[in-house]
Amino acid sequence: MSWETVIGLEVHCQVNTDTKAFCGCSTVFGAEPNTQTCPVCLGMPGQLPVLNTVAVDKSILTGLAINAHINLESKFDRKNYFYPDLPKGYQITQFTVPIVEGGYIDIPTKDGGEKRLGVTRIHMEEDAGKSMHEGLDAVSHIDLNRSGVPLMEIVSEPDMRSADEAIAYLKQLHQLIRFLGVSGGDMEKGQFRCDANVSVRRKGEPFGTRTEMKNMNSFRFIKQAIEFEVVRQIEIIEDGGEVIQESRLWDSVKSESRSMRSKEEAHDYRYFPEPDLPPLRVSQQEVDAIKAGMPELPGELRKRFEAEYGLSSYDADVLSQTREISVWYESLVAAHPSDPKRCANWLANELLGRLKEAGKDLADSPVSAKRLAGLLDRVGDNTINGKSAKDILDDMMESDDDADTIIEAKGLKQVSDTGAIDTIILEVMAANPDQVAGYRGGKDKLMGFFVGQVMKASRGKANPGMVNQRLAELLKG
Amino acid sequence: MPFSSLSDIQSRLNNGETTAVEIAQLYLDRIAAFNSTLNAFVHLDADHVLAQAAASDAYRKEHGARALEGLPIAVKDIFCTQDGPTRCCSNILEGFEAPYDAHVITKLKEAGAVLVGKTNMDEFAMGSSNETSAFGPCRNPWDTDRIPGGSSGGSAASVAAALTPAALGTDTGGSIRQPAALTGITGLKPTYGRVSRRGIIAFASSLDQAGPMAGNVKDCAMITAAISGHDAGDATSVSDAPAIDWLAACETQDMKGLKIGKPKEYFVDGMDAAVRQSVEAALQKCEELGAEIIDISLPNTEHAIAAYYVIAPSEASANLSRYDSVRFGHRCDNPEDLLDMYTRSRDEGFGSEVKRRILTGAFTLSSGYYDAYYLKAQKVRTLIQQDFIQAFEQVDVIATPTSPIPAFKLGEKTDDPLTMYLSDIFTIAVNLAGLPGLSQPCGFASNLPVGLQWIGPAWREDTVLAAAAAYEGATDWSNQHPAEFNINGGES
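Taken in sequence, the protein lines are chains A and B. Going letter by letter, the first sequence gives residues 1 to 477 in our numbering. Going letter by letter, the second sequence gives residues 478 to 969 in our numbering.
The following block holds chain B by itself, in its conformation from the complex (with noise of 0.2 Å):
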């Protein structure tokens, strides 16, 4: 019962067996129950839930269901709500309440989902195992002594635990994909551009992405369907994005004729090697299914991290300097002087690793080393970008894992940032180049979950889910759930 997916939930609501009020309740009930194990929420409304649901029961009896009618919905603590805080778990944003929603939060409630409070992340979404929250980190719920990974950690450990059937996570390296491998769920980041990204606090605006973080691909396709589609007030989302029948795409049970492209640089020394074997193990299921697999090489991979720590961090550098404490946020006691206010305000409401990429981003941007640095990066970043064109040319979709590594321990990376960075080293590059990418779980390393990653063509995010659906379906691991938490909230 608590791993119920949106579609039984769905048509457990549609069949009239429950209610949408009910439904918030259970999943509430374990929030109460288990949060305080994980931390993956950082706020969260009971009440406003509930009035959510209530009303809209009251919809559905007045009007009949919408997409995504009665259906609990966790987001990160990235998306501006109304309702309630947004903090992007950082103190800067100590006391600001945004006077808007993110546009995919005004769609998802158009579409009827119950918002079920934020999620933990780290802070502006700079990590990669929630660590660098200002709520402390959030635990996976596989093995709590480890990370969820990040930085959609809060969203991935909701879903993971059954605090929530889906959320919302971004991912700008990441984010939505790794947390997702190593939690055991699917997680999707769209084509840059489908989704708005309005109202989204931004880290970096030429990478960021919003996407479903779900039980199965299905749920993923629900979602994205609902918050996708051109959006005016955002100039980087597409108006002429073709279309795509998301959940007619989510029926394809076989490969057959399908081009999986297996790229050698995915597939190195120094990974682990449980992971690698699950990976593996997940290609020959594939060619099972009568795809066909075929070897290519994305050369510029191996600079993939070194432009994304070039990129990423310039543009956040500028991204935050709007966390001036002249207009809200954080401000530091006594300032002496504007200059004093500005450095103590942001010295006292930035993480360190905020702090890190700030710098690392000011110094990349700066007048004598933006050429070697930031226009270098660039170049990098069109010739990934051309990597991923011409693979494409003979393959239909890409599959390699999603972390070189399973979930760590809590600590163990935060002393050493570069070998933090290197467990995005397989999901940068689908941000650099704004491709479709999956993550969903195909086998564990030491009893902890491994993530098999699709990249598809721009636009094409219907092939990456047909392909992870026909695999969903030919295997068992999205039904895997760690046992800690499968039993009712109540009962814990």
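Excised from the complex, chain A in its bound form (with noise of 0.2 Å):
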């Protein structure tokens, strides 16, 4: 009988606003602790929450991106806990009426088509302050910078039937939240958050007992952590035993998980309307001059890249990563018309290339299209070579020269008169008779022997094509 693995996932992901979710507070990244707080975030006696609309549109921008309703009237409610980095004991969540409901998302199966997978809600929410025990004796720190940072919750249905199409889905949500420019997305700063709800049945039956693995933040873990819990639970009721509600903590060290609390040990949230808070409007109007304003989506992008620019699938998935990526090989491509091909290959491999070795992104990036676009002019109309073109691109990262003005300081034209490489062809020629006489012996692969040392002699300038031709003819004697 075979096992079927049964997957839903959470999502949380945090909105990039600049302030934080009820409050004026800055959501900036790796602060002083406790810098970015006010009465509001620290929860103060009397201090009252007011909603961050930014928040609100990126939320809905996320819906629609999944084709999901919008709810025009949504609410807000409090989930009570104490815990000492959540300062109010309750987070404003939304409960019972999520302001996105009923999406779904689009994956690549093997076989070459898609499956759909289906979103149940996205949903607002204030994230916690962070508590730190590690390396501190009988007491814990808290920091508050992050209590108020504005989350989406994003539920999937229980749709996804291997770890591999959770990643899949996860992928393709990371990809799209940073491309709508919702979330920077950055797991390491924990800004897509994952927690998995797993469960086995055999084919055909309902649906097993399920656990929840908590709040990871790699997909290499996250698919780990799902295979083994699939695998612990089939040997749980293949040995007779039931799979136990549960939360369970993911170990990435250890590469295990354990229990964290069962069912019975679940809090009680009292969820409850937030009075502070009015329920939510948005205007249909509103919601349509968002729409208005979305983005190609990247599986759009991939399909007309590959069509209008005659790309690979591999490069116009590379090239739709980001809709910043794409807007700037499209503005090279309008700088560079006559070969969309190289335009996508210089970026895809030599200018990111070279950024991520920097450490810089794109938008940091000192060589801007137009001057790549003037270096890939040279190359096309055959001024210089490509290991010329590399060179001058390394130098191009450097100094704010575009690539005529280095050609020529560095003398790096390409030779493609005839006669001046006919003249460094008979010169490597006569320096090394043996060679010459063992090619036309028949040893053909000293050829490459041959177009070595041209290059060398012409110090990289000589056409490579024509140093091939003008070889291949000399030679012959």
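Be aware that a few hints might be false.
As the list claims (entries may be wrong) - Cut-off 30 Å, straight-line C-alpha distance, at most; resulting in silico cross-link-like pairs (BS3-like, lysine-lysine):
hint	chain 1	residue 1	chain 2	residue 2
1	A	214	A	254
2	A	214	A	189
3	A	356	A	223
4	B	832	A	75
5	A	214	A	110
6	A	203	A	263
7	A	356	A	303
8	A	203	A	291
9	A	263	B	832
10	B	762	A	79
11	B	741	A	75
12	B	741	B	762
13	A	79	B	733
14	A	75	B	856
15	B	736	B	762
16	A	79	B	853
17	A	341	A	110
18	A	476	A	461
19	A	115	A	214
20	A	130	A	171
21	B	853	A	263
22	A	130	B	832
23	B	762	B	733
It is worth saying that the hints were derived from the structure and are not from the lab.
Please assemble the complex out of the two chains, which come individually in their own frames, going by the hints.
Encoded structure:
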């Protein structure tokens, strides 16, 4: 009897706003502890929340991007529990009526098709602060900079049937939220955290008892945790036992999960409507305006790049990873329209690679699309060869000079003059009589040696195509 | 002289007869003389009061007078104030000093008022007698063996004994109106959303509203005019509330054409006979002034107490979770662990009535009971609101007794919370419906003041003030003062 895995995912995604969900404090990551706080997010007596409308708009945008229904009236609730990093003793969240309900995300399947995965809801809520225990003796420290930072909780249907599908869903969602500009999605900074609900059943049977793996922030750990959990549950059932409904914590060091709390120990959060905030009302016109401003989404963009620019699916995928890259790519194509594929190669492989090495984002790129296009123009008209072009790009990363200036200054102009190339070839042949004899005796492989020598003698400037052509001619003798 | 109205003091200040410093000193002297008897003030910094008064005199000289220039006003200990402690009369807020002023405090300061101390109250405004205060009970100036009502008992006693000419209170289920009634003064609870709640320590967020307590209707209007208005920092403060000419409403002298609703549910067996008689007589007086008294029914009134004692504790149980000893307030000695710190700090910091309400609220919100209690109470609340909406299709304003009984003796009801809760039976529905309500004196029962309550439609404080002003002008009840305190402070 074969087993089927059933997975549902809850993603906590930080909404990138300048200020917190219910007060004016900055959301910038990494500040000194407790420097980005005020009486509201510290939960001081008498302080009241005021909703950040940017967070509302971004939640709506996310909902629209997953084809969901936007509730024109949604509600906030209080979720009550005590913890030192939860200053008010309750979290403001949306429990009964979330702002977004009923959307979906399509993931690619192995056979080249697509599978549709349901998204139950997206609700808005506030983050808690951070408790720190490590390295402290008998005390804990609390940093409330994160307290009140806006989150979207994106809850899926239990539609995934494998860890791979779960990861595909998460990657798609992760790309989407960054693409929409609604979240930085930086997993290391906790801006994209995942809880996975996992159960197993024999095919055709009703859902089994699920366990919840809490708070994972790496795709690799999520995959490991789900796979570990599936094996654990199947073993329990096959041994005649029963899976217990509980929350479990993934230990990425030991690569195993352990129980956090069982259903009996589960909190009663005593949800009730937040009396400090009236129902959240948005008009259809506001929703329509947000929809009108929605950027082209990654899937559509990928397809368009393949069709319009003839890109490989790999390149199209890389260039639609973020909205920033796709916009950059299209401005490069606009400046170097003759060869969109060359644009794709140079952006995806050369520039992004160099930026990554320098620890920079595309936004901080020292080379603009216009400057890179200037370089590609010179590759296109054979003024320089590819090797020189890469060296020039290295220079451009360090200076403000355009490609032509560097070519001129360094004398990198490609030699495509037959006479000049023939002169070099003849010198090389004269210096290597044994190899010439060898080649003429049938050692075809020596061709590579001659190309190398000629390129070296030309200090890399010789047009490689012409070198090959003339060598073949002259070596025949 | 001691029982001067705000407008009297204002005109004496305006014509140069006196100064804000002189006025402040006069009331400080009275507080010094009488507070030990009444325990109306739990915090007072006389130097700071005089400094504010001096600053006000200087401002007047330089720029002219603002709306409340130089007028001394006491505030309940529930309002956060930057100057000095804010305790909400609870031990859990031991050592707490707010780094901010409540919005209404800012408004009073901007209007030039001189803020005088913090007044006694039931702990976290949970009580109807001022007996749950961590600072001990406050006493009723009409009979110091009796309670002044609650929870704004200190503010009521302060005004009734002329320790200040006016005070701010808050009203969640009657906490302005009931003590006003029991001490023979006037108190107004504005429409929910009229006055910002920011910086007022929350008891039940959907019910709390701040308002004035003073010697007469016009003084209440002056203060409300100053503290009301939209505050972007309170999402429940209404931005498009209809504007009111507060002072013009108080010029009303008759009741010609006014339709007053008399709800049968507010005149019932079990209430004090003399209270009933006083209110009936007051309604007769209104008829003489030209009003038409119309018998009405508010059928869901009987469920108001039950709904209130689910909704208010539910909200309170969450509102009071922030007092966890982590960031401020009382923390127990040598906690063993986190749970011990929470439970012991809160056990030591909260009084028994507060604990009772937190437990009640936690219960009514808990999984499995939510539908039966909280949800049902919210439905009742809607029905009560509808009762009033229907009534106001028929009448302009509703008149009722404020409290079914006059001030009772200290300790008389402390062992019986349910009887205590019933003392708010006539005020609670007004909070559940979010309506404006005013209590003014209308007679005596066994030498203790009786309050007449006016209830208006939402945002129609002007109707309420007009009716109350006309009644006040035609009677002498607001000029009655407890004899023991009707002497100048220095002479006692």
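Status of each hint after checking the structure:
Simply put, residue 214(A) and residue 254(A) have alpha-carbon atoms about 16 Å apart, close enough for the 30 Å limit, and the pair holds. About 16 Å separates the Cα atoms of residue 214(A) and residue 189(A), which keeps this hinted pair within 30 Å; it holds. Only pairs whose Cα atoms come within 30 Å are accepted, and residue 356(A) paired with residue 223(A) is accepted, the gap being roughly 26 Å. For the hint linking residue 832(B) to residue 75(A), the alpha-carbon distance of about 29 Å falls within 30 Å, and the restraint holds.
For the proposed pair residue 214(A) and residue 110(A), the alpha carbon gap of about 28 Å is at most 30 Å, so the pair holds. Of the supplied pair hints, the one linking residue 203(A) and residue 263(A) holds, its CA atoms being roughly 26 Å apart against a limit of 30 Å. About 26 Å separates the Cα atoms of residue 356(A) and residue 303(A), which keeps this hinted pair within 30 Å; it holds. For the suggested pair residue 203(A) and residue 291(A), the alpha carbons sit about 40 Å apart, so the restraint of at most 30 Å is broken.
With a C-alpha separation of about 28 Å, the suggested pairing of residue 263(A) with residue 832(B) holds against the 30 Å cut-off. At roughly 52 Å between alpha-carbon atoms, residue 762(B) and residue 79(A) are farther apart than 30 Å, so this suggested pair is violated. Of the pairs offered as hints, the one joining residue 741(B) and residue 75(A) is violated, with about 37 Å between alpha carbons and a cut-off of 30 Å exceeded. A hinted pair counts as satisfied when its Cα atoms are at most 30 Å apart, and residue 741(B) with residue 762(B) qualifies at roughly 19 Å.
The straight-line distance between the Cα atoms of residue 79(A) and residue 733(B) is roughly 52 Å, outside the 30 Å bound, and the hint therefore fails. For the proposed pair residue 75(A) and residue 856(B), the alpha carbon gap of about 17 Å is at most 30 Å, so the pair holds. Using a Cα cut-off of 30 Å, the hinted pair residue 736(B) and residue 762(B) holds, with the two alpha carbons roughly 14 Å apart. Distance hint between residue 79(A) and residue 853(B) is fulfilled; the C-alpha atoms sit about 20 Å from each other, no more than 30 Å.
Between residue 341(A) and residue 110(A) the alpha-carbon distance is near 26 Å, which keeps this suggested pair within the 30 Å criterion. About 24 Å separates the Cα atoms of residue 476(A) and residue 461(A), which keeps this hinted pair within 30 Å; it holds. With a CA separation close to 25 Å, the supplied pair residue 115(A) and residue 214(A) stays within the 30 Å bound. A threshold of 30 Å between alpha carbons decides the hint, and for residue 130(A) with residue 171(A) the separation of about 26 Å falls inside it, so the pair holds.
A threshold of 30 Å between alpha carbons decides the hint, and for residue 853(B) with residue 263(A) the separation of about 27 Å falls inside it, so the pair holds. For the suggested pair residue 130(A) and residue 832(B), the alpha carbons sit about 29 Å apart, so the restraint of at most 30 Å is met. Restraint check for residue 762(B) and residue 733(B): the C-alpha separation of about 12 Å stays at or below 30 Å, so the hint holds.
This entry does not satisfy hints 8, 10, 11 and 13, going by the numbered hints stated previously.
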